[in-house]
Every structure is written in structure tokens, then in C-alpha cells.
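Novice: Next come the chains, spelled out residue by residue.
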Amino acid sequence: MVGLSYAAVPLYRLYCQATGLGGTAGTGGGAERIERMEPVRDRRIRVTFNADTHASIQWNFKPQQSEIWVVPGETALAFYKAKNPTDKPIIGISTYNVVPFEAGQYFNKIQCFCFEEQRLNPQEEVDMPVFFYIDPEFAEDPKMAKVDLITLSYTFFEAKEGQKLPLPGYQ
Amino acid sequence: MSTAMNFSSKSFTPRPPDKGAFPLDHFGECSAFKERFMECLRHSGYESAACRQSAMAYLECRMDRQLMANEPLEKLGFKDLINEKSEEKPEKS
Numbered sequence: 001m002v003g004l005s006y007a008a009v010p011l012y013r014l015y016c017q018a019t020g021l022g023g024t025a026g027t028g029g030g031a032e033r034i035e036r037m038e039p040v041r042d043r044r045i046r047v048t049f050n051a052d053t054h055a056s057i058q059w060n061f062k063p064q065q066s067e068i069w070v071v072p073g074e075t076a077l078a079f080y081k082a083k084n085p086t087d088k089p090i091i092g093i094s095t096y097n098v099v100p101f102e103a104g105q106y107f108n109k110i111q112c113f114c115f116e117e118q119r120l121n122p123q124e125e126v127d128m129p130v131f132f133y134i135d136p137e138f139a140e141d142p143k144m145a146k147v148d149l150i151t152l153s154y155t156f157f158e159a160k161e162g163q164k165l166p167l168p169g170y171q
Numbered sequence: 001m002s003t004a005m006n007f008s009s010k011s012f013t014p015r016p017p018d019k020g021a022f023p024l025d026h027f028g029e030c031s032a033f034k035e036r037f038m039e040c041l042r043h044s045g046y047e048s049a050a051c052r053q054s055a056m057a058y059l060e061c062r063m064d065r066q067l068m069a070n071e072p073l074e075k076l077g078f079k080d081l082i083n084e085k086s087e088e089k090p091e092k093s
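As you go down the protein sequences, you meet chains A and B in turn.
Mind the numbering: the first sequence is residues 1 to 171 in full-length UniProt numbering, read in order.
Mind the numbering: the second sequence is residues 1 to 93 in full-length UniProt numbering, read in order.
Keep in mind the hints are simulated off the structure, nothing from the lab.
In this text, all values refer to a predicted model and were calculated from it rather than measured experimentally.
In this text, a Cβ means the ideal position worked out from N, Cα and C, and glycines have one as well.
Hints may contain errors.
Here chain A is said to cover these stretches of chain B; the calculated rule only asks that three of the stretch's residues, wherever they fall, bring their Cβ under 8 angstroms from a Cβ of chain A [unchecked claim]:
#1 20 to 31
#2 74 to 88
Short, incomplete list of chain B residues facing chain A, as computed with Cβ under 10 angstroms [claimed, not checked]:
#3 13
#4 15
#5 34
#6 38
#7 41
#8 42
#9 43
#10 46
#11 52
#12 55
#13 65
#14 68
Input sequences plus hints: build the corresponding full structure.
Specialist: This is the structure we're talking about:
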């Protein structure tokens, strides 16, 4: 699992470069969809939160809530928290995973803290929000009929100073 | 996203967030709003629907302090809360 997650960062980079999906903030499709979508009240889903750090990064990183109950079609906010307990600044970069895999296609992050370098100064602690929604189409997919638990996992890695990570779009 | 019939593929492809990454709130400018939101979650049994006002307030805080790109709240899924607000107060403060 760790290996898969570790590979996800460069894989994501390749995927984004190939499909050009990075940096398409505020595309009509995304924002309009959010504005128009209606909550599917009879499909309550429990979203649980995991936080991992790769062995190389010394941050303390954890979710601020272990779970949240949502419905498809309604935006939701959740928080993680990260602290750098060392006496040196550390730059981290994160990727995420969604389980069950098949639910991942319906899990839409509007904004979060991932795929971009985040620098924490010595002893600094910050809140890290995730703003997301589960697509209403989730409720219409027969394969998702028995899914009432989705787990979101973030993993932080250390990014070395001066290392150029060509993640597209986000400045 | 269209529902592709992925018969064999069990792999997960992470996707970028629609609006990119939140800048870090290094100075805790919106921590109070976050606390209010977390308090609401704790009291409501972690029910997201019960705490949408607080979530909206947190995001508004970020927007006010350039910690989030300005976006009409309807486009962030809060159109029902905006309509309520404008019904209660004829003047938006």
C-alpha cells in the first residue's frame, strides 16, 4: 500500500501532463455541477479519515475528526492538522487515496492541501482543510449500492529543498 | 464523472483538486472559524449537513484573507444557505 501511494505522486504527474487536467480551476463543468447538484438525503455515507507520513518526514500529521457523515451532492469540509516538531523547516508534499477504489471516481475534492509543496517552519502547526463532495451519481450506481463507508487517506512525504516538482497548474 | 465499467481495474488514480491547493493558514487567521466548525461537528455527531453554516463561514474567512480564491458561495454548494440568509436580512452586511 505504501509503495502504491509512493508511486502515485510521479504517476499523477505523468497523468496530469498527458491529460492536461492540472490547473483547470474553475472550469464551467465543475463549478456549475456543484451549483446545480442536489443532495441525495437517503444515502448517508460515513467518510473516515486516515493520515500517514512516509518514514522520511518528521511531521506529526493527523485528521481532526475521525469521521464525518455526508450525503452525495452536498459539499463537505474536514480538517487535518500538521505540526513540525523539529528545529528545521520541512517541506512536505502529499497524495491521497480513497477506499473502496471504485468509490474514488465519485469522490471530488474541490480544494485541499495535496499535490503541492507545503512548508512548515520549526514548531509550526497548521490546519489543513479538505473541501469535497461525493458526486450524486454515486447514488445511481448499482455497484455502489452497498457502499456506505468511504475512507480518505492522505500521506505526506518530504520534498527536498530545491527539488523541482513539476506539478502542473498550482502556484 | 461518467461511470466506466471497470471490470478488471482495481487501481486508484488520484486526481487533482478542482481548485488546487489551499494556501496554508500560517498565522491561524481562520482558526477561530475552524474551531467553531469542529465544535459543531462534535455536538452534531459529526453530521456534515448540520454544520454547513460553520463550514461556509470558515471558507468566507479564507476568502476575506486571501487564503482562498474568491468564489460565489453558490458555486461552492451553499446556494440554499445564501437564499436563507437573503430572506432573513434584506441588507447583506
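Novice: All the hints need checking, so say for each whether the structure fits it.
Specialist: Evaluation of the provided hints:
1. Coverage of the region 20 to 31 of chain B by chain A holds in this model, with 9 residues showing a Cβ closer than 8 angstroms to a Cβ of that chain against a need of three.
2. Counting residues of the region 74 to 88 of chain B whose CB lies closer than 8 angstroms to any CB of chain A gives 6, so the stated coverage by that chain holds, three being the minimum.
3. The closest approach between the C-beta of residue 13 of chain B and any C-beta of chain A is roughly 6 angstroms, which is under the 10 angstroms cut-off, so the hint is satisfied.
4. Look at residue 15 of chain B: its Cβ gets to within about 7 angstroms of chain A, closer than 10 angstroms, so that hint holds up.
5. Interface restraint check: residue 34 of chain B against chain A, minimum CB-CB distance 5 angstroms, threshold 10 angstroms, status holds.
6. With a cut of 10 angstroms, the hint placing residue 38 of chain B at the interface with chain A holds, because the nearest CB-to-CB distance is about 6 angstroms.
7. For residue 41 of chain B, the interface hint holds, the least distance from its beta-carbon to any beta-carbon of chain A being 6 angstroms, beneath 10 angstroms.
8. At about 8 angstroms, the closest approach between the beta carbon of residue 42 of chain B and any beta carbon in chain A falls short of 10 angstroms, and the interface hint on this residue holds.
9. At a threshold of 10 angstroms, the smallest CB-CB gap from residue 43 of chain B to chain A is about 12 angstroms, leaving the interface hint violated.
10. For residue 46 of chain B, the shortest C-beta to C-beta distance to chain A is roughly 5 angstroms, which falls under 10 angstroms, so the interface hint holds.
11. Below 10 angstroms, beta-carbon pairs count as interface contacts, and residue 52 of chain B has one with chain A at about 8 angstroms; its hint therefore holds.
12. The beta carbon of residue 55 of chain B comes within 4 angstroms of a beta carbon in chain A, closer than 10 angstroms, and the hint placing it at the interface holds.
13. With a least beta-carbon distance of about 13 angstroms to chain A, the hint placing residue 65 of chain B at the interface is violated under the 10 angstroms criterion.
14. Restraint check, residue 68 of chain B versus chain A: the minimum CB separation of about 7 angstroms is within 10 angstroms; hint holds.
Taken one by one, the earlier hints fail for this structure at numbers 9 and 13, listed in ascending order.
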